Structure formats: C-alpha cells, structure tokens
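Chain by chain, the residues run as shown.
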Amino acid sequence: MELIVPILAAAVRSGTPILYATLGEIMTEKSGVLNLGLEGIMLIGAYVGFIVTYNTGSPFWGLVAAFFVGMAVNVVHAFLCISLKANQVICGLAMTMFGTGVSSLLGRGYVGETIAGLQAVALPGLSSFPVVGPVFFSQDVMVYISYLLVFVVWFLMYKTKFGLMIRAVGDSPLSAEAAGISVSAVRYASTLLGGGLVSLGGAYLTVVYSHMWVDLMTAGRGWIAVALVIFAIWNPLRAALGSYLFGGVEALQMRIQAGGTTVPAPLLMMLPYILTIAVLVVISVFKGRGRMLGAPSALGLPFYREERE
Amino acid sequence: MRIKVEKRFYITKWQEVCIILASIVLAFSSGALVFHFLGVDPLEAYKMMIDGSLGDFYGVSETVAKTIPLIMCSLAVALSFTMVVWNIGAEGQFVLGALACTAFVRYLYVDNFVVMLACMGISALLAGGLWGAFAGFLKARWNVNEIITTLMMNYVAILLLQYFVYGSWRDPTSLGFPMTPLFPKSARLHQFFSTRVHSGIFFAVIIALILWIVVRKGVWGYEIRVSGQNPKAADYAGIRSTRNVILVMFLSGAIAGLAGMAEMAGLHRRLQPGFAVGYGYTAIIIAWLARLHPLAIIFVSFLFGALFVGGENLQIAMRLPLSSVQILQGLILFFLLGGEFFRNYRVSFISRKR
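Taken in order, these protein sequences are the chains called A and B.
Read in order, the letters of the first sequence correspond to residues 1 to 309 in our numbering.
Read in order, the letters of the second sequence correspond to residues 1001 to 1354 in our numbering.
If you are wondering where the hints come from, they were derived from the structure by calculation, not from laboratory data.
Note that the structure is a prediction, hence the values are computed from the model and not measured.
Hints may be right or wrong, so weigh each one.
When the alpha-carbon atoms are kept at most 20 Å apart in a straight line, the in silico DMTMM-like pairs for lysine to aspartate or glutamate are as follows [as the list claims (entries may be wrong)]:
(1) A/K85 to A/D215
(2) A/K85 to B/E1340
(3) A/K287 to A/D171
(4) B/K1004 to A/D171
(5) A/K85 to B/D1171
(6) B/K1185 to B/D1235
(7) B/K1185 to B/D1171
(8) A/K85 to B/D1111
(9) B/K1004 to B/E1340
(10) A/K85 to A/D171
(11) B/K1013 to B/E1340
Take the sequences, apply the hints, and build the full model.
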C-alpha cells in the first residue's frame, strides 16, 4: 500500500492536464468542430501560465490568463473552420505548428527559471480516508476544480439547453438551423470555451506540475487528449477515467526510472504513446466498423447553409 | 450594402495563382507583425533569411540540400492525402528509414557501392513502408483514426532513435556524443562540387515523375482519387478501398523512409539525434500548397528549403530558435486555408436596391 498510494496520487496529478484538454476537446468536437491544435494551444497555455505567474507572483492570475489567451488563440481556428469553412485537419496542424513556434520563441529566455506555483491543499475530513484521501483529496486546487469540471461539462452537455444546442449543431447542423439555432454562433462558443480549457491544461503543467518552463514540455499530451476523446466516446465521465489511466502510466514510468532500472529510459518513455495506439485499437475493435456511438455525425464537416444534400 | 457568398463552379488558373500568392504575402506580412511584437526586427530577420538561403552559391546549395528530403516527404504525404488518408507520420517513417539503413551499414556491411546502395535503399523503403502500413492496416481493418496512430508512432520512432544512438550504436570514439561512427565510403551517396547537395536529388525527382504518371494518369491513381473524393461511389464501382488504404500507407511510408536513407547516406553519413528537424511536418504544408501535384511539390519544396536555411541563419545571426520558422509555417498554412475560401466561394458586395 505504501508503495501504490504515492503512485496513484501521482497518477491523478499527471492525468489532470490531460483531463482539462480532453474535456475542452469534447466540448469543441460535440459541436462538430475538430480541433487538432491541442498540442500547440497547450504549449501556449503553459507559457502564458508560467510567464504571468512569474511576473505577478500569483498562480491564480497565471491560470486565468492562460484560459483567456487560449480562447483568444482559438478564435483563429474558429474563424477559419467555421466562417471560412477551411479543412479542419490541416487547420489544426497549423495551430500546432504556430503554437509550438510562438511558445518556444517567447520562452527562450526563461528556460531554467522557476516560479512558486500552486501548492497542494489537503481537504479537511475527506483527506483522512485511507487510500482515497491521499490519492484524490490531498491534491492542489486545480485538481479539485477538474473533478467539478467533469460534472459541469457533463451537466452542460446533457442537461441544459445550451448543451442540447451544441449537440444538435454537431449532429445535424441543417436541422439545428431549421430550428432557429445559429450554427456558427454555437460552434464559435464551444470552440472558444473548449480552447480555454485546453490552454488551462497546458498551464497546469507549468504552474502546478513542474513550476518551470521547458521547451516543448507538453511532449504529445495534446495528441494523447485527442485520442482520449475517442476513447471516452465523447463522454466527460469516461474522459476522467482515461486521463487517470494515462497519468498512471506516466507516474509508473517515472517511478521505475527513479527506482533505478536496467531498462533504457527511451523505451520506458514510449509507453504512453504505445498505450494510446493500443487504447484506440481496442475501442475501435469493440465499436466495430460503423460510426462510433457518441461521435457527432457532422464532426469535421464545415456547414454551408445553401448546400442541401 | 450586403455581402453575398455563393459557391464557385469554376476558377481560372490565373485566379488560383493570385489567391495563393496573396496568401503567402499576407502570411509574411502578419509574420512580420508577430516578429515585431515578439521583439524581433522583422525586416532584418527577413533579410537575414533571404541572404542566408538564396544570397550566394553556398546558400543556394544548402537550400537544395534541404529540398531533397522535403520533396520526398511531401510526395509521401501528398500520396496519402490524395486518398484523403491523413498520414501525419512522415517524420517517423523518415526516422525509421534512417534507422534501417544505419542498421544495414552496421551489421551487414559489404564493401561495394552498388550492393550497399541497393540494400540500404530497400531496407529503408521496407522499414518506412511497414511503419506506415501498420497505421494503414489499423485504419483499413478497424477504422482506427490514422492521424493519431501515425503521430504517436512519430514519438515512438524518435525515442527508438534515441535508444540506439544513446545506447548500443554509439560510437565508442565519439567522446560521449550520441552518434554512430561515420559510414564507410561505399555506403555514401556522392556530393557534388564540394557542396552538400547529394545524388539523393535524383531519387526525389524520379519519384516525383513516377507519382505524377501513376497518380495523375494511371488507373490505380484514379482509383485512389475516387476513393478519397467519394468513398461511396468508389465502393459501388468495386474499388477495393481496404487494400488501397494499406497500399497507399505502405508506399507513403516507403517514400518517407527512402528520404531518411538519402539523408543518412548523402548528408549526415552517421546517425545522430538532431537529424529529424520536422521535415515530415513541413511536408504537410508543402503538399497542401502544391495542391498535391507531384511536380509542383518540387518547386514548393525548394521555397521551404530556403525557409529552413533562412531559419538556420536566423539562429546563428540573431540567436533566434529554429522554432521561429514554425511560426511562419503555421501562418502560411493559416492564410492558405483562408485563401481556399475565396477559391471555393465567390464573395460579392451587393448594394441594397428596391
């Protein structure tokens, strides 16, 4: 037990940035917009979170700034994909390149600097439970917010009118349009909100997780989140499960490396990527060849009002 | 006054060229703005880039040297994009090709140039091809999203590279630097006129010509284009898209793998971690800009080769990281995508009259 509990607690911590990104992408994709720029947006979020905390000394403002900058950056994706009906796959890749470039150009002077960052706060009462306490309730505030966020996103999607509009626009934009919903407006809203969450996931890496800026520090987490959306079949609750699974692999891998092992580091570091492929294969085999349950039917397709097919 | 947007049914070549040129000009203008806000003098930066890449004989030769892998990687992704199969994994397939040919030099070296060249080429083709075909198989068999599998395999490939160069393949005489020993003479491609332009350029041009004929003129090329543009019609016509997905991914990976071999045998002559600098990702922009046309890719690759060399010059002269080039690449892609709207739709202003 003494061995497993710290690994599980680390799994939750490592899984949290991926969870934010996955929740954000679920919101975006549910409205029919595919955003493959997660990796770039997370990097921008990580940089903004770091630099604002560095300058103001306040992790709070760092995280808030990262959220809004993430939204602002996603305006580009929204404008190109929604208003100009651009190819969403290519546009996402462009976002990744742009975000990677901007973050590493801006961050070049800050490599090695550290910030105070956010510290863990044990929740009184809950944290004294055996196992569950130290694993889930002795974390930092952002982890607690992510627990709430899972339910908030789920509630928003399935229990509110706004969520219904998002799902309608993502599944059948023509019917939504006929019902008087502005497809563009709803897609803009969900793309921007989702982008904010993704960016927040990136900021978690600097402000909470590592307390410093490292070039390309997301290391594929954005792409893993894209894969997790499919694993989660667009369901926020399953997204949490998937994120902690990946956090667990990362924590375990770091634990093994720290424990001194003969297995070379590069091979251990492959684990999350191989797991991503394995998870996708398993989920695809189970779902069969047809359209996946929960996948928005109009995902990745631009909407042109006068096209009636 | 109001704005009217309607679908275009035809576009003249001239209009198309204008839209592309306008996109590029806008991309560099906004790049200048971004540079300005990041505290870099844009005019000086652009001047450095042009001077470094096209200013003199050495610069041009360096640009051509970078054009070689770019052409091959772009042909690779363009082939898969033709079928609307998103192979984002050219970077990994490139690395696998380099790994395979290095393994060949290391374990099965024969002192004969022709034999070596053939064996290294074939091993790289197979390694890159199988790396790609794996993702193709998963897509064809279970409809696994190939964007994510190819991308994840890029990360795996880079780590595999690190495993070998930091591990058993490291040159014992390299003073601890992670690199393999230099390739022996018969395992090298010829370099021309004491520049770094190597005979791999013939591979690139020949593959471009072959793809142009096969994809644009041949039956199989027609099949994959139909499968890409209208999968249902392709099914009714009896086109076996399952087989074609795997085949396209194999060929795509094989071409990128060969690029990796040419880069090893022609340019670096040894395996080291930094040789994969993102050609596989830049290839996506090139393929898109060239509208997937194999011959146009040669020309566009040269321009992006210049962008790479210019970026290296920025790195040396202004101490900017190579990632500044990525900002420009991202911007070029944004504006191209935006420009596409004006290619597909006609926008006109109508004055409001009774």
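For each hint, the structure was consulted:
Annotation: proposed proximity of A/K85 to A/D215 is violated, straight-line Cα distance about 32 Å (limit 20 Å). About 9 Å separates the Cα atoms of A/K85 and B/E1340, which keeps this hinted pair within 20 Å; it holds. Of the pairs offered as hints, the one joining A/K287 and A/D171 holds, with about 19 Å between alpha carbons and a cut-off of 20 Å not exceeded. Taken as a hint, the B/K1004 and A/D171 pair is broken in the structure, with Cα atoms around 27 Å apart against an allowance of 20 Å.
Proximity of A/K85 to B/D1171 is assessed by CA-CA distance (about 52 Å); at most 20 Å being required, the pair is judged violated. Among the hinted pairs, B/K1185 with B/D1235 is inconsistent with the structure: their alpha-carbon atoms are about 51 Å apart, more than 20 Å. A distance of roughly 17 Å separates the Cα atoms of B/K1185 and B/D1171; the hinted pair therefore holds under the 20 Å criterion. Note on A/K85 and B/D1111: the hinted pairing is violated, with a Cα-Cα distance of about 56 Å set against a maximum of 20 Å.
At most 20 Å may separate the alpha-carbon atoms for a hinted pair to count; B/K1004 and B/E1340 meet this at roughly 17 Å. Between A/K85 and A/D171 the alpha-carbon distance is near 17 Å, which keeps this suggested pair within the 20 Å criterion. Among the hinted pairs, B/K1013 with B/E1340 is consistent with the structure: their alpha-carbon atoms are about 14 Å apart, no more than 20 Å.
Comparing the model with each numbered hint stated earlier shows that hints 1, 4, 5, 6 and 8 do not hold.
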